[in-house]
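Top line first, the protein sequences correspond to chains A and B.
As numbered in my numbering, residues 3 to 160 make up the first sequence, in order.
As numbered in my numbering, residues 5 to 292 make up the second sequence, in order.
Among the hints, erroneous ones may be present.
Claimed, not checked - Cut-off 20 Å, straight-line C-alpha distance, at most; resulting in silico cross-link-like pairs (EDC-like, lysine to aspartate or glutamate):
hint: 1; chain 1: B; residue 1: K73; chain 2: B; residue 2: E173
hint: 2; chain 1: B; residue 1: K6; chain 2: A; residue 2: E33
hint: 3; chain 1: A; residue 1: K153; chain 2: A; residue 2: E126
hint: 4; chain 1: B; residue 1: K73; chain 2: B; residue 2: E100
hint: 5; chain 1: B; residue 1: K6; chain 2: A; residue 2: D28
hint: 6; chain 1: B; residue 1: K33; chain 2: A; residue 2: E21
hint: 7; chain 1: A; residue 1: K153; chain 2: A; residue 2: D123
hint: 8; chain 1: B; residue 1: K6; chain 2: A; residue 2: D124
hint: 9; chain 1: B; residue 1: K6; chain 2: A; residue 2: E19
hint: 10; chain 1: B; residue 1: K33; chain 2: B; residue 2: D23
hint: 11; chain 1: B; residue 1: K73; chain 2: B; residue 2: D57
hint: 12; chain 1: B; residue 1: K6; chain 2: B; residue 2: D23
hint: 13; chain 1: A; residue 1: K153; chain 2: A; residue 2: D70
hint: 14; chain 1: A; residue 1: K153; chain 2: A; residue 2: E125
hint: 15; chain 1: B; residue 1: K33; chain 2: B; residue 2: E173
The hints are simulated quantities; they were obtained by calculation from the structure and are not laboratory data.
As a plain string of letters, each chain reads:
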Amino acid sequence: MTRSIAVTINGRIHRGEVEPRTLLSDFIRAEGLTGTNIGCEHGVCGACTVQLDEEPVRSCLMLAVQADRRAVRTVEALALGDDLHPLQRAFQDAHALQCGFCTPGFLMSLDAFLRRRPDPDDEEIREALAGNLCRCTGYVTMVEAVQAAAKALGGAAG
Amino acid sequence: MKPAPFAYEEPRSVEEALDLLARYGDEAKVLAGGQSLIPLLNFRLARPERLVDVNRIDELSYVHREDGKLHIGAVTRMATLEHSPLVAARWPLLAESARLVGHPQIRSRGTVGGSVAHADPAAELPAALTALGASFQARSQRGSRTLAAEELFVTHLTTALEPDELLVEITVPPLPPRAGGAVVEHARVHGDFALGGASVLVVLAEDGTCSRASIVLLAAAPTPLRAVAAEEALAGTGLAEAELAEAAELGAEELDVSGSQRAHRRALAAELTRRALVLAAERARAAP
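With the sequences and hints as input, model every part of the structure.
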């Protein structure tokens, strides 16, 4: 018993036949967009975070059918060709990743966070990081990266 | 780590949802924001035959004020409550509580009605809504009824909602003048469910004494725990620090937790309740 869905991912319509139980995270990856990683699959680690209508969501806690005719953004939407997004560049510069498995989830959470809070203080950054887990690098360099990205994005807007 | 198969219904209106629940209520589960239910499905701890997904019922997504009361549609997202200027201005305890729910990624999907119907005794919104004297409207094809928190929350993860009933609205009465609310909780990791906490509201009379206190402990019993003895102890007092500490101790005595954690959890409940009361009293004194 499958259903036809059409999900806009990063501006492109992806059509599919899915069972209602198919998780959004699995649908996205099956479409070849494997930047979204699946970690815990119960909403704790944040690795699968994407944006639904610009807001961060856990894609393992949504059914693919629920994204039918909605707009999803994944980590693949951040860089423009070889031009890294300011957040990605800041993560690279600050050594805010090692294995990188958790990074796409962090980036999608933080991209939405900086839209809402373009000039955050350290406390707000730490709170924004709390919904994602990193098991190798730690968070200190991430706080630095977010500060740098906020500055870079503010500069671009100003 | 993938859900077992289920039939899937996607009603667009309350009428349609009630029709589905009347037909399939016993075997169906209502899917709201999914931030608690989908993990249970993924673990296969829940294996409902059918999901009635209420996310596309737009008529249940609203926050507005009418006759002085706050009306919250059951499918309103936590993030909407968190960012609502109306809620922040008039029912700040609700906004403060919403900010403590999980993380932004959870609040963007999680719904107010979902949190209420899930009835986790450690959850922030059921405790705050209990403290604020909210009422809960349930509908079915048999009709509509309104429940108080004490009637709705039956035990751990269990409400008085019948299988054919849908929670449609939460109504919060206006705060009287000179009212102050506060929620203080402790979780081992930011965003986790609390190990203890208190959601409180104190109201001052014109002479500055306490005319009414609502004290609700979370993660303290199978339901949000109303600490009645503590509330009564505060009425008529000047809310001095010692009186607040004494009331907090009384509240913690009602803790319904047994086993090796009890002493720790009791101490935690007393201290967190005391802090919440101190904050609420300060706010009540500063309120118009």
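Right, here's what the structure says about each hint:
no., hint, result
1, B:K73 <-> B:E173, "holds, 12 Å"
2, B:K6 <-> A:E33, "holds, 18 Å"
3, A:K153 <-> A:E126, "holds, 15 Å"
4, B:K73 <-> B:E100, "holds, 18 Å"
5, B:K6 <-> A:D28, "holds, 10 Å"
6, B:K33 <-> A:E21, "holds, 17 Å"
7, A:K153 <-> A:D123, "holds, 12 Å"
8, B:K6 <-> A:D124, "violated, 37 Å"
9, B:K6 <-> A:E19, "holds, 17 Å"
10, B:K33 <-> B:D23, "holds, 14 Å"
11, B:K73 <-> B:D57, "violated, 28 Å"
12, B:K6 <-> B:D23, "violated, 29 Å"
13, A:K153 <-> A:D70, "violated, 36 Å"
14, A:K153 <-> A:E125, "holds, 16 Å"
15, B:K33 <-> B:E173, "holds, 18 Å"
Checked against the numbered hints listed earlier, the structure breaks hints 8, 11, 12, 13; every other hint is satisfied.
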